[in-house]
Amino acid sequence: MTLCEQLSLSFGEKTVLEDFSLAIPDRGIIALQGPSGCGKTTLLRILAGLQKPAAGNFPDLSPDQIALLFQDDRLLPWRTAQQQLTDVLPRSRWDEVPKLFELVEMSGEEHAYPSQLSGGMGRRLALARCLALEAKLYLLDEPFAGVDLPRAVRILERLRTWDAPILFVSHEPEILAKADVVLSLDGPPLQIIS
Amino acid sequence: MTPSTMGWTNPLKYLGQKLLAPVFWLGVWQLFAFLVDRSVQGRGNELLLPYPATVFSVLVEQAGQALFWQSILATLLRVVLGLALGAALGALLAALTCLSSWCDRLLSPAIRVIRAAPVASFILMVILWTGRGNVPTVIAAMMVLPVVWDSLSQGIRATDPKLLELGRAYRFSRKKILTLIYLPSLRPYILSALTTGAGLAWKSGVAAEVLCLPRPALGTQIYNTKYMLEIPELFAWTAVTVALSLVLEALLRRAMARWGRGWST
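Keeping their order, the protein sequence lines are chains A and B.
Our numbering numbers the first residue of the first sequence as 8 and each following residue consecutively.
Our numbering numbers the first residue of the second sequence as 8 and each following residue consecutively.
Treat the hints as calculated values from the structure; they're not laboratory data.
The beta-carbon is built from N, C-alpha and C at its ideal position, and this holds for glycine as well.
Honestly, I wouldn't trust all of these hints.
The following label-pair restraints were derived from C-beta to C-beta distances [stated by the list, open to error]:
id, chain 1, residue 1, chain 2, residue 2, range
1, B, 108, A, 26, 35 to 41 Å
2, A, 9, B, 261, 53 to 59 Å
3, B, 20, A, 18, 57 to 63 Å
4, B, 20, A, 101, 46 to 52 Å
5, B, 95, A, 34, 51 to 57 Å
Distance condition first, Cα-Cα at most 27 Å in a straight line; then the derived DSS-like pairs of lysine-lysine [stated by the list, open to error]:
id, chain 1, residue 1, chain 2, residue 2
6, B, 25, B, 210
7, B, 25, A, 59
8, B, 169, A, 59
9, A, 185, A, 143
10, B, 169, A, 21
11, B, 169, B, 182
12, A, 106, A, 143
13, B, 183, A, 106
14, B, 210, B, 233
15, A, 143, B, 183
16, A, 185, A, 106
17, B, 169, B, 183
18, A, 143, B, 182
19, A, 59, B, 182
20, A, 143, A, 59
21, A, 21, A, 59
22, A, 143, B, 169
Covered stretches of chain B, as calculated for chain A (at least 3 residues, CB under 8 Å) [claimed, not checked]:
id, segment
23, 163-175
24, 180-191
Excised from the complex, chain A in its bound form:
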């Protein structure tokens, strides 16, 4: 599927995107890697509809069909782990909550508040909340930051059977090695180098 075509965006003098286009397979796990500040996060925010490009179009998916895991957790400090998930799920899908906790290996932490979770647990909870959203594409911005490597690899393996394609950003070679496709980026302006 073609995610975007001829995207352009500048911040003042700095050109972040210039005629940037991206197509990905319809299923599977796709990884993005590239140096910090090359424009990966900006690209994900544009695809999710949180930032408007100066030019470009989105042929196959609209922003409301895309779920984004932010680079920071953005958990609601006043909601328990379980509530973070039920807040984004319709009531008819609340029975999926235990499965999501199992997926990110957090069973038993349902009643903890974010302040009671470690950094890695908070990240996994934010990931579970993003996966709880119904979407045709999941964009995960560094989903395993602070998560120990063996656990991150196990979670990624489980995501292989996910219904929709997953596009994630990572810097860890061991995690990137588990992706079906790895796109190497450079910039700014953002470009695919391999």
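Place chain B on chain A using the hints.
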């Protein structure tokens, strides 16, 4: 709160800490009453500064009368109603002025005028407009409104934009954005507004009662003491007003603590 912070592990120490300030200030009051008594050589010190024991005995005597409890209940009702009305209107106006720059331009100056104008002027105006029975409630609401508006406006503007962006990205309904993001973020601002507002509601509500003399009312009782030069009674009614104000504030704090249980810092 843990048992140690609640003082359960050492009840005597906890009680001592709680009673230290009241006992100290009662001692100061007793000392000054004694000095006044000595300087006037027992000739009418009760008119200037009565002893705490005298005030207490007046309080006990008043507590045996139905009018005492009727006055407390009537004033409590007026003040709580005024507080609720002022808080609701203040919250509504805060939401409007934060949502729309036009509303902000139109309403903010008017609210600032209410905050700056003398209470006495408002009391006299409201007596003319609404009749004396409603004055304390209306005045209490008018004093609470700008405090709640100011505090909640600050709170709304300080709500974490990243959480609001999350709400948009995760397609939260307006109701969810209000109940899951704005309201919990506003908790400290609501607490501050309500506790300050409750104090103001008592002060202005009782002041309005003193000027418009509804019956029964604490303010009317305070006015009567001035009329009859019953200074121990004045102290007793003032003590009742202060105690009620403190109880209301404590109840509000407890309710807000219950709301934030588990996650508040």
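Exercise. Output the numbers, in ascending order, of every earlier hint that fails for this structure.
Key: 7
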